[in-house]
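Asker: Spelled out, the chains give:
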Amino acid sequence: MSATSFAGSNLPVRSDLVDAHERAWAAIAAPGTWLPGAKRVAVAAEIRRARDCAHCARIKAALSPNGVAGAHDSLGTLGAAQIELIHRVVGDPGRLSEKWSQSVLALGLSEGEYVEIVGLVAMVMMLDTCLRALGVPERALPAPQNGEPMRRRPAGAKKKAAWLPLVEPEDATEADGPLYPNPKAGYIYRGLSLVPQSLRDYWALANCHYMPGEFVYQFDRSIRAIRRPQVEIIAARVSAMHQCVY
Amino acid sequence: MLRESMHSDGKQVEARGVTQGFDRDPDIPHAAGLIEFAEAVVLRDAARTETARKTLRAALGDAGFVDAAAVVAAFHGFVRIADAIGIPYTTAARGSDAPELREQAGINEFYRVRTEVRGEA
Numbered sequence: 001m002s003a004t005s006f007a008g009s010n011l012p013v014r015s016d017l018v019d020a021h022e023r024a025w026a027a028i029a030a031p032g033t034w035l036p037g038a039k040r041v042a043v044a045a046e047i048r049r050a051r052d053c054a055h056c057a058r059i060k061a062a063l064s065p066n067g068v069a070g071a072h073d074s075l076g077t078l079g080a081a082q083i084e085l086i087h088r089v090v091g092d093p094g095r096l097s098e099k100w101s102q103s104v105l106a107l108g109l110s111e112g113e114y115v116e117i118v119g120l121v122a123m124v125m126m127l128d129t130c131l132r133a134l135g136v137p138e139r140a141l142p143a144p145q146n147g148e149p150m151r152r153r154p155a156g157a158k159k160k161a162a163w164l165p166l167v168e169p170e171d172a173t174e175a176d177g178p179l180y181p182n183p184k185a186g187y188i189y190r191g192l193s194l195v196p197q198s199l200r201d202y203w204a205l206a207n208c209h210y211m212p213g214e215f216v217y218q219f220d221r222s223i224r225a226i227r228r229p230q231v232e233i234i235a236a237r238v239s240a241m242h243q244c245v246y
Numbered sequence: 247m248l249r250e251s252m253h254s255d256g257k258q259v260e261a262r263g264v265t266q267g268f269d270r271d272p273d274i275p276h277a278a279g280l281i282e283f284a285e286a287v288v289l290r291d292a293a294r295t296e297t298a299r300k301t302l303r304a305a306l307g308d309a310g311f312v313d314a315a316a317v318v319a320a321f322h323g324f325v326r327i328a329d330a331i332g333i334p335y336t337t338a339a340r341g342s343d344a345p346e347l348r349e350q351a352g353i354n355e356f357y358r359v360r361t362e363v364r365g366e367a
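Going line by line, the protein sequences match chains A and B. For the first sequence, counting from 1, position 50 maps to 50 in the working numbering; every step adds exactly one. Heads up, the working numbering is the position in the second sequence plus 246, with the first residue counted as 1.
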């Protein structure tokens, strides 16, 4: 695989990873399913702001994440529900609860908007963390693209296994577009399925950082320049530090 | 995934090591450097990250270092989807629960398990 690099760096980087970052930022700037491009870029800006939020730091340090008085240090461009969702998912994702997710929705966010924002948080955290880990300067946010969100909810979405509705593989329809690489796609893969475009954007990026689904259970081989146990010890330690069971 | 990848190498791994540190060398090349790098990045400790980065890049070469950084980054995304959407933790082990692994690895002490299983707030 040919090597190129990220802007501001001369570190050789495989070209598929650089290309995936380019495509991801373009997707973030484009109209989504529920949010226009300008709102999606505003979400990305708030994600960056949340990393240095003093209130989030107090929540993180508290024995219980619930009932910590105060307000998030926000940019002031988004609503209260969006700010709470972004800051808590960025700052303390391992201590969320279904009750908390319902309280965010009750502040005036639709389930589709919730899932789309979670997808953006996951993408921006991955993109920015990758550059920071590599020692590459943070990329400027893209200019938002004009256009209207498509505002379409998959007909087969059901709230059953998770806190938010999912589209199980057997309930996916042609109108949803391609969702799953196979009918046994794990629950982590289904997480964003209420917003199919967010699912596709996220996994196009994630597959280039970790590995595509068809390689996940091939434990005796690695498609990366480090061995599979090396990949997995990183994955396990990062997940554990986030108190994530996955 | 770590346990399965070690099994495929004919090795065992101390599950609790990923939450509480390894008592003995996990027998993975450059494990200490990989863990140090991952921790430094998660904690957003710039100085520690810089030191760990140099060590790991020297040990793995450019391509290996890039892939290590990419994996660290990937799991900053996965964890947020799983935890914000409320994916059932009982499906974490290839779609099913692995209570003995959760116990061995110290995962039962995580907030999500404590609150959902034991009702702690």
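Keep in mind the hints are simulated off the structure, nothing from the lab. None of these values were measured; they are calculated from a predicted model. Here a beta-carbon is modelled for each residue, glycine too, at the ideal position from N, C-alpha and C. Any given hint might turn out to be false.
[To be verified] Now the in silico label distances, taken between C-beta atoms and shown as ranges: (1) A/54 <-> B/257: 26 to 34 angstroms; (2) A/58 <-> B/296: 21 to 29 angstroms; (3) B/355 <-> A/12: 19 to 27 angstroms; (4) B/262 <-> A/184: 23 to 31 angstroms; (5) B/253 <-> A/152: 21 to 29 angstroms; (6) A/71 <-> B/300: 35 to 43 angstroms; (7) A/184 <-> B/355: 40 to 48 angstroms; (8) B/262 <-> A/62: 40 to 48 angstroms; (9) A/68 <-> B/355: 19 to 27 angstroms; (10) B/266 <-> A/62: 34 to 42 angstroms.
Asker: Run every hint past the structure and note whether it holds.
Answerer: Structure-based check of each hint:
no. : hint                                : verdict
1   : A/54 <-> B/257: 26 to 34 angstroms  : violated, 44 angstroms
2   : A/58 <-> B/296: 21 to 29 angstroms  : holds, 28 angstroms
3   : B/355 <-> A/12: 19 to 27 angstroms  : violated, 41 angstroms
4   : B/262 <-> A/184: 23 to 31 angstroms : holds, 30 angstroms
5   : B/253 <-> A/152: 21 to 29 angstroms : violated, 43 angstroms
6   : A/71 <-> B/300: 35 to 43 angstroms  : holds, 39 angstroms
7   : A/184 <-> B/355: 40 to 48 angstroms : violated, 30 angstroms
8   : B/262 <-> A/62: 40 to 48 angstroms  : violated, 26 angstroms
9   : A/68 <-> B/355: 19 to 27 angstroms  : holds, 21 angstroms
10  : B/266 <-> A/62: 34 to 42 angstroms  : violated, 22 angstroms
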